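J.: The residues making up each chain are set out below.
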Amino acid sequence: MVRYQDLQKTNWFFKLFILMKMIMKFVEIYKIQNDGTQRVMAVCKMVGETVVCEGEDKALIDNLKSEGIWDDSKTPPQKLFPKDGIRFLERLNFVFTSGYLNASQVKEE
Amino acid sequence: MKEFLKGLFEKKKQLPIPKKDQIQQQQIAVESSNSSEKKKKKFPFETPEEIILENHEKESNKPLNGGCNKTEFVEIKDDGSGIFKPKNGEDDCGRRNVKAGSYFRRERASYIIDKFLRFNLVPPTVIREIDGEIGSLQQFIPDAQTGFETSRSELILDKILCQQLIKLWIFDYIIYNSDRHQENFLVKLKEKKIYAIDHGLSFGNDYLKFYEEFFETPIPLEISDGIERFLSWKEGKELCEELLEELISPEEVKACMRRIERILKIIKNHGKIPRSAKNELVF
Chain R
5 MVRYQDLQKT NWFFKLFILM KMIMKFVEIY KIQNDGTQRV MAVCKMVGET
55 VVCEGEDKAL IDNLKSEGIW DDSKTPPQKL FPKDGIRFLE RLNFVFTSGY
105 LNASQVKEE
Chain H
24 MKEFLKGLFE KKKQLPIPKK DQIQQQQIAV ESSNSSEKKK KKFPFETPEE
74 IILENHEKES NKPLNGGCNK TEFVEIKDDG SGIFKPKNGE DDCGRRNVKA
124 GSYFRRERAS YIIDKFLRFN LVPPTVIREI DGEIGSLQQF IPDAQTGFET
174 SRSELILDKI LCQQLIKLWI FDYIIYNSDR HQENFLVKLK EKKIYAIDHG
224 LSFGNDYLKF YEEFFETPIP LEISDGIERF LSWKEGKELC EELLEELISP
274 EEVKACMRRI ERILKIIKNH GKIPRSAKNE LVF
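Residue numbers (this note's numbering), protein chains in the order written: chain R, 5 to 113; chain H, 24 to 306.
Chain R with its partners taken away, still in its complex shape (with noise of 0.2 Å):
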């Protein structure tokens, strides 16, 4: 974890860079519920330059890393996976779009 001490001793660009990664892009996954009230069923977040997903359904974030999401915009389409990093992340809202399990768009904290 990067301390404010340590940035303090930096250089400015290098600290926006740091303070660059130490927002957190992530987004969630929504599952809808009988009553049309919707849920977490799942966060994806960069760590690092790579996507971890986490949730309950272990079906859902098994499929989410071994059978990847398809990008749409590339002709052919093109497969992305967890480790394609944020074009995963930003890609997961044009996919989870039926209703039933819906992305947000990429949010940050």
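Source of the hints: derived by calculation from the structure; they are not laboratory data.
Fair warning: this is a prediction, and the values are worked out from it, not measured in the lab.
Backbone N, C-alpha and C fix where the C-beta goes; we use that ideal spot for every residue, glycine too.
There's no promise every hint is true.
Derived CB-CB ranges, DEER-like [as the list claims (entries may be wrong)]:
(1) H/E251 - R/V51: 38 to 46 Å
(2) R/E94 - H/E251: 14 to 22 Å
(3) H/E269 - R/M28: 46 to 54 Å
(4) R/I90 - H/E77: 40 to 48 Å
(5) H/E269 - R/G59: 35 to 43 Å
(6) R/D66 - H/R298: 51 to 59 Å
(7) R/V51 - H/N78: 45 to 53 Å
(8) H/S272 - R/E71: 29 to 37 Å
Here are the computed lysine-lysine pairs in the DSSO-like style, where the Cα-Cα straight-line distance is at most 30 Å [said to hold, decoys possible]:
(9) H/K85 - R/K49
(10) R/K83 - H/K232
(11) H/K110 - H/K277
(12) H/K277 - H/K295
(13) H/K182 - R/K49
(14) H/K215 - R/K83
(15) R/K69 - H/K232
(16) H/K288 - R/K69
(17) R/K69 - H/K64
(18) R/K111 - R/K69
(19) H/K211 - R/K83
(20) R/K83 - H/K216
(21) H/K295 - H/K216
(22) H/K257 - R/K83
(23) H/K213 - H/K110
(24) R/K69 - H/K277
(25) R/K49 - R/K83
(26) H/K122 - R/K111
(27) R/K69 - H/K260
(28) H/K213 - H/K257
(29) H/K295 - H/K232
(30) H/K288 - H/K110
(31) H/K295 - R/K111
(32) H/K216 - R/K62
(33) H/K301 - H/K182
(34) H/K301 - R/K78
(35) H/K232 - H/K277
(36) H/K288 - R/K111
(37) H/K93 - R/K62
Following the hints, position chain H against chain R.
T.: Using the frame of chain R, we list chain H on its own:
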């Protein structure tokens, strides 16, 4: 006629193959309904679920979070619920060929094809206006998992579910669905039933992704029977084309009909889709 057609499309039942005279009766019935409603073609297989979706008052609607297209959960007064996808909430989601603003019509067109071919994969889907917005409203399937929440091997190993996946594979070719992935079908494991959803990107000429696993797999007779019955029912085919032309372009309708003929020919010749036929199946 209603009873006969209703019987043909009842859920969870293996559909009997109609005899020639039954088909003739059906044809006559469609002809007479055509003549009485020349202006707007009536969908002959309208189910009670469709009537409810189309006509019953909306109880409430909740916009759903996430997804690049707008989706809403709609509760129908006294009877069930649906997923509403308004035209104005459609986004091209990075696609090139199928234009946003036409997805809701393609959802309905896919349902019509499903009904005419008797595949029983697509939940009842209608076009209606909710709060001044037009869009597609599809019956909500409670307690369903998406394909992403199930293990693919579990589905393939189950004979009944696997046969439905093969049917889905053929269906996707017929409607030229460029957007089938694990999130776009639902599974009810206990009932051993698969539902096909999300057909907004069908009938266009986007790149078609074929699941490789079903090439060379024997095609269940039920599938070729449904297609053959449809093609041999001239008036039904014409009616289907007319209904589709209200939703998608005449070229897209023609292309769809050609694909139905082509796929049947291949199945009849080989009993399966040979891998070598892959190139002739894509644009």
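J.: Each hint needs a verdict: does it hold in this structure or not?
T.: Taking the hints in turn, this is what the structure says about them:
1. H/E251 - R/V51: 38 to 46 Å: violated (54 Å)
2. R/E94 - H/E251: 14 to 22 Å: violated (45 Å)
3. H/E269 - R/M28: 46 to 54 Å: For R/M28 against H/E269, whose Cβ atoms are near 49 Å apart, the range 46 to 54 Å holds.
4. R/I90 - H/E77: 40 to 48 Å: holds (43 Å)
5. H/E269 - R/G59: 35 to 43 Å: holds (42 Å)
6. R/D66 - H/R298: 51 to 59 Å: violated (28 Å)
7. R/V51 - H/N78: 45 to 53 Å: This hint holds: roughly 51 Å between Cβ atoms.
8. H/S272 - R/E71: 29 to 37 Å: At roughly 33 Å between Cβ atoms, R/E71 and H/S272 fall inside 29 to 37 Å, so the hint holds.
9. H/K85 - R/K49: OK: H/K85 and R/K49 at ~27 Å, within 30 Å.
10. R/K83 - H/K232: Between R/K83 and H/K232 the Cα gap is close to 11 Å, so the pair holds against 30 Å.
11. H/K110 - H/K277: holds (24 Å)
12. H/K277 - H/K295: holds (24 Å)
13. H/K182 - R/K49: Violated. H/K182 to R/K49 sits at ~37 Å, over the 30 Å cutoff.
14. H/K215 - R/K83: Answer holds: H/K215 to R/K83 is near 29 Å, not above 30 Å.
15. R/K69 - H/K232: holds (20 Å)
16. H/K288 - R/K69: violated (38 Å)
17. R/K69 - H/K64: Violated: R/K69 and H/K64 sit about 47 Å apart, past 30 Å.
18. R/K111 - R/K69: Holds. R/K111 to R/K69 sits at ~20 Å (cutoff 30 Å).
19. H/K211 - R/K83: holds (27 Å)
20. R/K83 - H/K216: OK: R/K83 and H/K216 at ~27 Å, within 30 Å.
21. H/K295 - H/K216: holds (22 Å)
22. H/K257 - R/K83: violated (42 Å)
23. H/K213 - H/K110: It is violated: about 34 Å lies between the C-alpha atoms, which goes past 30 Å.
24. R/K69 - H/K277: Violated. R/K69 to H/K277 sits at ~40 Å, over the 30 Å cutoff.
25. R/K49 - R/K83: Holds: R/K49 and R/K83 sit about 18 Å apart, inside 30 Å.
26. H/K122 - R/K111: Holds - the C-alpha atoms of R/K111 and H/K122 are around 27 Å apart, at most 30 Å.
27. R/K69 - H/K260: violated (43 Å)
28. H/K213 - H/K257: The given pair, whose Cα atoms are some 38 Å apart, is violated under the 30 Å limit.
29. H/K295 - H/K232: holds (18 Å)
30. H/K288 - H/K110: It is violated: about 36 Å lies between the C-alpha atoms, which goes past 30 Å.
31. H/K295 - R/K111: violated (46 Å)
32. H/K216 - R/K62: holds (21 Å)
33. H/K301 - H/K182: holds (24 Å)
34. H/K301 - R/K78: Holds: H/K301 and R/K78 sit about 20 Å apart, inside 30 Å.
35. H/K232 - H/K277: holds (21 Å)
36. H/K288 - R/K111: violated (50 Å)
37. H/K93 - R/K62: holds (27 Å)
Violation of the numbered hints given earlier is confined to hints 1, 2, 6, 13, 16, 17, 22, 23, 24, 27, 28, 30, 31, 36; the remaining hints are satisfied by the structure.
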